[in-house]
Structures are given as C-alpha cells and as structure tokens.
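A.B. asks: Sequence lines, in order, name chains G and Z.
Residue numbering for the first sequence follows my numbering, starting at 556 and increasing by one per position.
Residue numbering for the second sequence follows my numbering, starting at 260 and increasing by one per position.
Derived from the structure by calculation, the hints contain no laboratory data.
Idealized CB from N, CA, C, for every residue including glycine.
Check the hints yourself; a few may be wrong.
[Stated by the list, open to error] Okay, the calculated beta carbon distance ranges per label pair:
#, chain 1, residue 1, chain 2, residue 2, range
1, Z, 403, G, 865, 39 to 47 Å
2, Z, 313, G, 757, 45 to 53 Å
3, G, 765, Z, 513, 55 to 63 Å
4, Z, 282, G, 677, 25 to 33 Å
[To be verified] Simulated pairs of lysine-lysine, DSSO-like, Cα-Cα distance not exceeding 30 Å:
#, chain 1, residue 1, chain 2, residue 2
5, Z, 540, G, 669
6, Z, 549, G, 669
7, G, 669, Z, 548
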Amino acid sequence: MKISHAHEDAALERTRGWLDRIGDPVLRAITFSAAALAVTILGLIAYELVSGSRLAFRSFGLGFITSQTWDTIHNQFGALSLIFGTAVTAVLATLIATPLAIAIALFLTELAPKHVRSLLGALVEMLAAIPSVILGLWGILILGPFVQNQLEPFLGSTLGFLPFFRGQHSPTGILTAVLILTIMIVPIVASVTRELLTTVPSELREGALALGATRWEMVRGVLLPAARPGILAAVALGFGRAVGEAMAVLMTIGGTIGIHLSLFGHSDTLAARIAGQYNGASTNLQTSSLVYLATILLVISLAVNIGAQFLIKPIDRRPRRQRIALDRAFEAQGLSAD
Amino acid sequence: MAEPAFSLRTSDRLRRRQLVSRAMGAVAVGAALLAVAVLAIVVISVAHRGAGALNLDFFTQSQAQGFNPNGGGVLFAIVGSAVLVGIATLIALPLGVLVAIFISELAPPHLARIARMALDITNGIPTIVIGIFVFTMLMAIHGQQSAIAGSLALAIIMLPLVARATEEVLLLVPSSLREASLALGVSRWRTTLQVVVPSALGGILTGTTLAIARAAGETAPLLFLTSLGVSSHADANPFHPLQSLTLVIFTYFDVPALQTKAWAAAFVLMCFVLFTSLAAKLALARYRKKLGG
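Isolated chain G (complex conformation) (with noise of 0.2 Å):
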C-alpha cells in the first residue's frame, strides 16, 4: 500500500517536470511586472514632466499660470492666454457636441430599425476614427474658406450685436477649431452614450410606456435619468479629448496669444502650442515653459479622466433604484411590475 503511494507520487512528480513546478510563479511574475511597468510609466510621465518644468517653474513660479505673455524675444512666457483657448474651444465643443451625441444615440437605440442601427453605429464610429490631422486639413482647406465666406459673414449680420460674433472673418480662428472639435468628440460621446442606454432594462422603458408617456416623454423622464451619471461620464471623456487635441487644432486655430471675446479672432491652445512650438524653441527656458504647459495639460487631463471613473461607479445601482420606484408606482396602481 505504502509502496505503490510512493510509486504514484514519483510518477506524478516526473510527468509534471520541473517547467510546471516554476511555471506558475514565473507567469505570476511575468504578468506582474509587465502590470507594474504600466503603473509605473504613469508615474514617470508625471516626474519627467515636473522635472522638465522645473526650470521655468523657477522663474516664473505659479503666476506663471495668470501671466498672459508669451513673448519669444524677451524670454517671458505665461500660460493664461493658453488656458483660455483651451477653456473655450473644448467647452464650446463639448456644449455643442453633446445634444447632438445624445440625440444620436437615442436614434441609435430608441428609433431606428435593427439594420439601420448597425450600420449607423458603424458609421458614427468610423468618424471617431478618422485621424485628426486628416481632420486638420479638411478644417483649414474645406471648413475654413466655407467658415470665413458663409458662416461668419452670416452670424455677424444676425447675432452681430453680440460680441461673440464680432471682428475681421478668417478661415482660421476660434469657430474653425470648434467646429472640428465638435466633429471628433461627438462620435466618442455618441457610442458611449449608446452602450448605456442599451444597459437600462426594457422594462424601464415599457414600464414608462404603459402608463401612458409618449416616447419622449419616456425618455426625459425615465432613460436619461437612468443613464445620467454614464452620460456625464462620457461627456467627460469627450472634453477630455478636446482639451488635450493638439493637431487639428493646431492647424485650424491661428496660433496667436491674447484674450478676446470674438469667436472669429485667432487664439491657442495649450496642447496646440507645445505642439507648434517645441521644435523651433530657441532657449532652454522656452522649452521648460513647453514643459510647463504640458504639465498643467496633464493635472487637467488626469483631473476630468479620474472624475469621469468616480461619476461611472454608481451606474451600477441606478437602474435597480429605477425599478424600486416603478415598482412602487405600478403597486400605487394596482398592477403589478411582473
């Protein structure tokens, strides 16, 4: 008995060699390392980034963010004028992009027959592929003659008595750059905003259905809400991806600094400005102000990215929340939710 235990556990042990006895911490370490250079990739961005400012952090110190210069010759350099371009191009962008994207998905989802579903989601996705230099160069060499010759000759006649919608027309500007930014963020929106509400429970919407709400109706009052919290998320990701878009709006913003109300004049942004100007930066101190920039382009990508995950998180108990009340409101009628 003994004997033949001793026999089975030596053959056991051959058969499974020495590969197997190492394989399984080694894999484990493997894998684990590969997870903690991710991790640690983050971290180093955000060390080279503050090491590479340091310089012009130095010099300039925090009023570094509310100077308005950017003056190459004199090697005085601020980022308020950038920090503005950015604020307006990617809220403006965000404010239009996102009834459009919602008004898509709810097609998406809530009216359009299965085929045209598929294929329209396709297309709306195909959009957000499109790289955004191509779309930097139909923004200035399509979009820019239409902007300058239709668009802002035809708002500053009707809302010219607005300060927004004043000053000489260009094809280059603040509008341009708004305009293709609404173009890359609307998709991103849109197919989030899809998957979602493909998560609320059909009954939600039946529910809402049967006691009598029009399709609208159902919508405003039960889908969105139930929604809400992922549509704010991915709302998030898009002006996310706005303020950090360096190329098309690089190509379609003008590229000059100062702080203005018209919409028509030229302006820049943070990412468009590291962009322009890294290559040519003539002094180690311009190059630290990049840095800077970049810098201050990360705290507010990190900041709208983290805040988007924590505004996902309580998706998960929304709809049950959701069916609690309905079923309540059915119980108050006498019906019953099953």
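Given the coordinates of chain G, work out where chain Z should sit on it, guided by the hints.
C.D. replies: Chain Z in isolation, oriented as in the chain G frame:
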C-alpha cells in the same frame, strides 16, 4: 346625457404631448443624418482631392521636393509609418497581453483595480504630453531623434488599448474551459497560455488591429521625436529619424505647391485607418457573438 368620464377622443393636451414627442424624434433623426453627412463630406472631399494625385510613383518614389512638386512620391513616409507602427506593435502587443493576463487571470482584485485604473488614465493622457515625456526622457539619455523614440511614444498610446481589449476577451472565455483544464491536473500557467489565451487569440488580434489603426493616425507624439524634414530616399533604419504619413500631411498642408500630395497622403492614410478599423470591428463583433453564444 352627461359626458362620459373617459373620452376616447384624443384630448388637446395629449395631442400636444404627442407632437412634442414626434418633434424630438425628428431632432434625433436630424442629428444622426448630420453626423453621417459630415462623415460623407469629409471622406468624399479627401477622396476627391487625394485620389487624383495617386499614381504608381506616389507609392514607389521618394523624391519629395525639388524641381517638380507634382512628381515623385512618399515612399519614405509609407516605410517610415510602417517601421514606427511596427516597432510600437512589437512592444505594445506582448506587454499589453501580459498586463491583461495579470488583470483578468492572476491578480488579486485590488491590484487588478489599480492596474486597470492606470491603463484608463494612460489612455486619457493627451498624446502630445506622451510625446513630450518620451522626448525629455530620451533626450536626457540618448540625445537625438529616432524612429525608436517615436515607436516608444506610440507603444505607450497602444498599450492601454491592447491591454483593455485583451482583458475584455479573456473575460469572455468561458470559465468551464479553465475549470476543465485545471481539473485534468494541468497547471495554472499552462492553462492560461495553452487554453485561455489561444481561445481568445482572435479577439486579441482584432483589438491590436484597432490599436494599430489608431497609432498609424497619430501625429502629435511624433512631432519632435522623429524627422520633420523631407527625405529623398526611403529609409527603414529605426535608429534614424524617420518620416510618417501623418507628418507628411502636417508639413505639406500649408505649402500650396505640396497640398495635392498632402491630400493624397491623407487619402491613403484614411483608407488604411478606416478599412482596418472597420474590418477589426466586424471581426470583433463576430468573435464576441461566437464566445458569448
């Protein structure tokens, strides 16, 4: 005779509610049509302006500038793009798969959450910032521009895409496969590498293809990592600063004589990106259905 308590006639109020609902439906249809129209306008105008400039020379010649701006081609940029994206894929694919294996197969939940969060945050970092990072780091060590540096930046952009796509398909692999393998006495690492990963291979490759399409369209991280000048010959040495199709578009777009070539490069790049990402998405959808159903 008194009015019945409930009328079957549509009341004005209901009619108004239905009207609002229908109007909102029309708005949604309009928004969807607008998006499709914009896509069509972009694609058609790039195709219209770019396709005319395409000829065999465009793909086989590298003489970029000089006496005849309409002659020659951008072979140097096509080769450069291929080298840049190829090396980036060689870095990001194995690394991304390993990270995904760690997250979905081996890691305790809290470590998996940290790694997943790091990937998502990396994915959200503006690509120009990643370019600056690689530039400051490499300049300190290496001191000159090279395609390797560009590939490194592209690899950082691709890593979260590959890792999250792989993680997603690994989660789709039915746990009965793992349990069957483990029950047969197969060790954990053999189960992972010889059962789980092979059955997720299709999904991993399509996810990687999507990441390649994304990397091929990146310009910002390459701006100061590799060459902005024009080459007269095709070079595939990754230690040299190489051009890419996106950089060609960016350097040619404001030179009127070279704009035709910028459109042609944009057309080639757009076709590559749209076809690969569309094919990958179709394959991914089919693959998901196969594993899920």
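A.B. asks: Please go over all the hints and tell whether each is borne out by the structure.
C.D. replies: Going through the hints against the structure:
Between residue 403(Z) and residue 865(G) the C-beta distance comes to about 42 Å, which sits within the given range of 39 to 47 Å. Our hint of 45 to 53 Å for residue 313(Z) and residue 757(G) holds, since their Cβ atoms are close to 49 Å apart. Against the hinted window of 55 to 63 Å, the Cβ-Cβ separation of residue 765(G) and residue 513(Z) comes to about 60 Å, which satisfies the hint. Checking the proposed 25 to 33 Å range against residue 282(Z) and residue 677(G) shows it holds: the Cβ atoms sit about 28 Å from each other.
Distance restraint check for residue 540(Z) and residue 669(G): the Cα-Cα separation of roughly 18 Å lies within the 30 Å cut-off, and the hinted pair is therefore satisfied. Annotation: proposed proximity of residue 549(Z) to residue 669(G) holds, straight-line Cα distance about 20 Å (limit 30 Å). The hinted pair formed by residue 669(G) and residue 548(Z) meets the criterion: a straight-line CA distance of about 17 Å does not exceed 30 Å.
In this structure, none of the earlier numbered hints is contradicted; all agree with it.
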